[in-house]
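All chains should be built: construct the whole structure from the sequences, respecting the hints.
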Amino acid sequence: MDGFYTFVVGTRKGFAVLRDEIACKPAVIAETDDYVAIASEFQAMAHLPDVNNAKIFEPEPGMVYSWGN
Amino acid sequence: MELDLKKISLRDVNDKLQNLDRKQNQRDFIITNPEGNHAICAGLTEEMSVTIKGHVGYYCAGMNQKAHITIDGNAGTGVAENMMSGRVHVKGNASQSAGATAHGGLLIIDGDTSSRCGISMKGIDIVVKGSVGHMSGFMSQSGNLIVCGDAGEALGDSLYETNIYVQGKVKSLGADCVEKKMDKNHIKKLNKFLKEADIKNLKGENFKRYGSARKLYNFKVDNIGNY
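Chains as they are written, first to last, in the numbering used here: chain A, 46 to 114; chain B, -19 to 207.
Hints may be right or wrong, so weigh each one.
What the hints assert, rightly or not - Listed next, with one range per pair, are the computed distances between beta-carbon atoms:
{"no.": "1", "chain 1": "A", "residue 1": "E76", "chain 2": "B", "residue 2": "K169", "range": "37 to 43 Å"}
{"no.": "2", "chain 1": "B", "residue 1": "E(-18)", "chain 2": "A", "residue 2": "N98", "range": "45 to 51 Å"}
{"no.": "3", "chain 1": "B", "residue 1": "K(-14)", "chain 2": "A", "residue 2": "I67", "range": "35 to 41 Å"}
{"no.": "4", "chain 1": "A", "residue 1": "D79", "chain 2": "B", "residue 2": "Q4", "range": "41 to 47 Å"}
{"no.": "5", "chain 1": "B", "residue 1": "K164", "chain 2": "A", "residue 2": "D79", "range": "51 to 57 Å"}
{"no.": "6", "chain 1": "A", "residue 1": "Y80", "chain 2": "B", "residue 2": "E185", "range": "41 to 47 Å"}
{"no.": "7", "chain 1": "B", "residue 1": "K149", "chain 2": "A", "residue 2": "Y80", "range": "44 to 50 Å"}
Said to hold, decoys possible - Here are the computed lysine-lysine pairs in the DSSO-like style, where the Cα-Cα straight-line distance is at most 27 Å:
{"no.": "8", "chain 1": "A", "residue 1": "K100", "chain 2": "B", "residue 2": "K109"}
{"no.": "9", "chain 1": "A", "residue 1": "K70", "chain 2": "B", "residue 2": "K109"}
{"no.": "10", "chain 1": "B", "residue 1": "K164", "chain 2": "A", "residue 2": "K100"}
Hints listed in this document are in silico derivations from the structure and should not be mistaken for laboratory results.
All residues carry an ideal CB built from backbone N, CA and C; glycine is no exception.
Shown next as structure tokens:
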């Protein structure tokens, strides 16, 4: 895939995220036992339940992260 | 004094910190409920201590002078960008361009940073206890970038005179960035930074130093591929 993007694809039971190779577009992931949230910045998920105790990290560029199937 | 961003607007909080009431002379602040807001504590110019309880958005503590700011959470893009002096401590991870273009002061990051940490830094000292992403130290001009973990691709690309110290693995070096010899003075200086960042279990001797090969200072047609 060419260009700058944060690409999210979802199915009924899961989803995956891929960030462009040079991390031009921002992305941040919050992961808890109950949910996984993806946004371009933390502010967009600040209202999520217990998000301050979530594992929060930026996906590495060019690496596919997936949950479920 | 507690400043709750759920009760007081961000603009009012920043205004209060940028224009301290000299009669009260209150210089200890705790900011609660930051909720990823942008530009929290930007443009502080006086000595004070501010602790932010939670995650912050873009450009937190930007342009800081003299203030000591602790972020008890993660920081978004450009934390402490263009800092002139003072100290910023991120207890979690930082996003891209941490300490970008900063002229002075000390930035400590307990976790990892994303790409372009210390981009175009001009005198700031940055200590990252974790790892840094790709193109860290890009076009950096002065100061020290200390990485206790690993560094991503193209470390120190097109840098001028910054000292970059990395303890872990470097995925690749950028254009004109080379490994340099560590002499006694470098180790002494590095140990001083590790002490300042409260890192007790690491020794300066175990780091490698990277810096400029100074081959891109002037235009040479042979280097055209690097521009």
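- Task: Could you work out which earlier hints the structure fails to respect and list their numbers in ascending sequence?
- Result: The structure breaks hints 2, 7, 10; every other hint is satisfied.
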